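Number of protein chains: 2
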Amino acid sequence: MVNYPNGKPSKPTDLVTRKQINSKIEYGKRGMKFEDEIDRTNQYYLQHDIAIIHKKPTPIQIVKVDYPKRAKAVIKEAYFRRASTTDYNGIFKGKYIDFEAKATQNKTSFPLINIHAHQVNHMHKVFQHGGIVFVLICFSSLEEVYLLPFEHFFVYWQRYLNNEKKSIQLKEIKKDGILIPYTFLPRIDYLKAVQLFYDVSD
Amino acid sequence: MVNYPNGKPSKPTDLVTRKQINSKIEYGKRGMKFEDEIDRTNQYYLQHDIAIIHKKPTPIQIVKVDYPKRAKAVIKEAYFRRASTTDYNGIFKGKYIDFEAKATQNKTSFPLINIHAHQVNHMHKVFQHGGIVFVLICFSSLEEVYLLPFEHFFVYWQRYLNNEKKSIQLKEIKKDGILIPYTFLPRIDYLKAVQLFYDVSD
Chain A
24 MVNYPNGKPS
34 KPTDLVTRKQ
44 INSKIEYGKR
54 GMKFEDEIDR
64 TNQYYLQHDI
74 AIIHKKPTPI
84 QIVKVDYPKR
94 AKAVIKEAYF
104 RRASTTDYNG
114 IFKGKYIDFE
124 AKATQNKTSF
134 PLINIHAHQV
144 NHMHKVFQHG
154 GIVFVLICFS
164 SLEEVYLLPF
174 EHFFVYWQRY
184 LNNEKKSIQL
194 KEIKKDGILI
204 PYTFLPRIDY
214 LKAVQLFYDV
224 SD
Chain B
24 MVNYPNGKPS
34 KPTDLVTRKQ
44 INSKIEYGKR
54 GMKFEDEIDR
64 TNQYYLQHDI
74 AIIHKKPTPI
84 QIVKVDYPKR
94 AKAVIKEAYF
104 RRASTTDYNG
114 IFKGKYIDFE
124 AKATQNKTSF
134 PLINIHAHQV
144 NHMHKVFQHG
154 GIVFVLICFS
164 SLEEVYLLPF
174 EHFFVYWQRY
184 LNNEKKSIQL
194 KEIKKDGILI
204 PYTFLPRIDY
214 LKAVQLFYDV
224 SD
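Those protein sequences? They're chains A and B, same order as listed. Numbers 24 to 225, taken from our numbering, label the letters of the first sequence in order. Numbers 24 to 225, taken from our numbering, label the letters of the second sequence in order.
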């Protein structure tokens, strides 16, 4: 359904580039911090029986495995693969929830190159099937995190596909999204924002 | 919540054994076939816009990555980790769906050692949160696949924890579960069984 913008063909392989891996396994301090904070938030939700939301493991293509005697198996050759879904999903108040989380160092806009077409396709389908879908966007330099509901995100994505704008302006995110204030526990209480925007009743 | 039966302590590490990996990455023909059939069924559901259900990637702990110049990154050392959730989840008719799929060569019963306590804990939580949860059990020698709803599975799991019986008898599965006949497309139409058992309306 969705092609890469600017007429660029999508890559023939789903193996990811070094730059993508770096952002994937989060060598960047900021990225690490954001993903870590979401993980802790999800642990909090789990421990307090609020929601069951997990991060999906990074997809890996395994080529070679060694089985040393009396030791655990060692993967000796493997490659990163591109995910075909978002990173997080689960259940909240009986509803299916699905989201992607991305951090940017940019201070005024969120570059859409951070999100893959596969993931948007996936989110779009989930949205059509009645799931709660959104993108969590962290402006690391500003220390601000926003929840942008998919229905709003998708308008900007289509603008991107039409080669009109490569990013979503922070002021647009402020208008259409919900600021999630940092709290002590949980760190990023995104389900509070979900409850503000979506009809989720007990 | 749930401990291993027979008073055996759970292993101090979540790294899995060779035997578990073999069953995990499905060297066994039967296992491969079953997992493959579920994957194809899920693809069918996706293509026909029936449901969005994906298998989660196998969790891997990455230790060493090489970045050869002008080539894709290579994982040189990594280990299998035990999953903390089930293998499959997604959305069907707006509902959260979550299940584990297991094959056995056994002809008269399903040995519960095939399922990890972590996974049962996860399924139990999802069940309490109103998700549709079940186990798909494939008796490969008989070429029969059953859907066993979690609420029934859990009774047998508790019997297992009480050291009463290490497996679920096929006749018990026939009584409490639903036989999923093999069809051409999709191969294992488990959502038809879901609709027979659960209240899922359009």
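These are computed hints drawn from the structure, not numbers from a lab. Careful, some of the hints might be misleading.
Calculated lysine-lysine pairs in the DSS-like style (CA-CA distance at most 27 Å, straight line) [what the hints assert, rightly or not]:
| id | chain 1 | residue 1 | chain 2 | residue 2 |
| --- | --- | --- | --- | --- |
| 1 | A | K87 | B | K215 |
| 2 | A | K87 | B | K198 |
| 3 | A | K78 | B | K198 |
| 4 | B | K116 | A | K79 |
| 5 | A | K78 | B | K148 |
| 6 | A | K79 | B | K125 |
| 7 | B | K87 | A | K125 |
| 8 | A | K79 | B | K198 |
| 9 | B | K197 | A | K78 |
| 10 | A | K78 | B | K116 |
| 11 | A | K148 | B | K79 |
| 12 | A | K99 | B | K198 |
| 13 | A | K87 | B | K148 |
| 14 | B | K95 | A | K78 |
| 15 | B | K215 | B | K188 |
| 16 | A | K116 | B | K56 |
| 17 | A | K78 | B | K79 |
| 18 | A | K125 | B | K79 |
| 19 | B | K116 | A | K95 |
| 20 | B | K79 | B | K215 |
| 21 | A | K116 | B | K116 |
| 22 | A | K148 | B | K116 |
| 23 | A | K116 | B | K215 |
| 24 | A | K95 | B | K56 |
| 25 | A | K99 | B | K92 |
| 26 | A | K215 | B | K148 |
| 27 | A | K78 | B | K87 |
As the structure is a computational prediction, the values presented were derived from the model and not from experiment.
Right, here's what the structure says about each hint:
{"no.": "1", "hint": "K87(A) with K215(B)", "verdict": "38 Å, violated"}
{"no.": "2", "hint": "K87(A) with K198(B)", "verdict": "43 Å, violated"}
{"no.": "3", "hint": "K78(A) with K198(B)", "verdict": "36 Å, violated"}
{"no.": "4", "hint": "K116(B) with K79(A)", "verdict": "22 Å, holds"}
{"no.": "5", "hint": "K78(A) with K148(B)", "verdict": "16 Å, holds"}
{"no.": "6", "hint": "K79(A) with K125(B)", "verdict": "20 Å, holds"}
{"no.": "7", "hint": "K87(B) with K125(A)", "verdict": "24 Å, holds"}
{"no.": "8", "hint": "K79(A) with K198(B)", "verdict": "34 Å, violated"}
{"no.": "9", "hint": "K197(B) with K78(A)", "verdict": "35 Å, violated"}
{"no.": "10", "hint": "K78(A) with K116(B)", "verdict": "23 Å, holds"}
{"no.": "11", "hint": "K148(A) with K79(B)", "verdict": "18 Å, holds"}
{"no.": "12", "hint": "K99(A) with K198(B)", "verdict": "46 Å, violated"}
{"no.": "13", "hint": "K87(A) with K148(B)", "verdict": "36 Å, violated"}
{"no.": "14", "hint": "K95(B) with K78(A)", "verdict": "24 Å, holds"}
{"no.": "15", "hint": "K215(B) with K188(B)", "verdict": "30 Å, violated"}
{"no.": "16", "hint": "K116(A) with K56(B)", "verdict": "35 Å, violated"}
{"no.": "17", "hint": "K78(A) with K79(B)", "verdict": "10 Å, holds"}
{"no.": "18", "hint": "K125(A) with K79(B)", "verdict": "20 Å, holds"}
{"no.": "19", "hint": "K116(B) with K95(A)", "verdict": "42 Å, violated"}
{"no.": "20", "hint": "K79(B) with K215(B)", "verdict": "22 Å, holds"}
{"no.": "21", "hint": "K116(A) with K116(B)", "verdict": "16 Å, holds"}
{"no.": "22", "hint": "K148(A) with K116(B)", "verdict": "12 Å, holds"}
{"no.": "23", "hint": "K116(A) with K215(B)", "verdict": "25 Å, holds"}
{"no.": "24", "hint": "K95(A) with K56(B)", "verdict": "26 Å, holds"}
{"no.": "25", "hint": "K99(A) with K92(B)", "verdict": "19 Å, holds"}
{"no.": "26", "hint": "K215(A) with K148(B)", "verdict": "21 Å, holds"}
{"no.": "27", "hint": "K78(A) with K87(B)", "verdict": "22 Å, holds"}
Going down the numbered hints, you'll see the structure goes against 1, 2, 3, 8, 9, 12, 13, 15, 16, 19, while the others check out.
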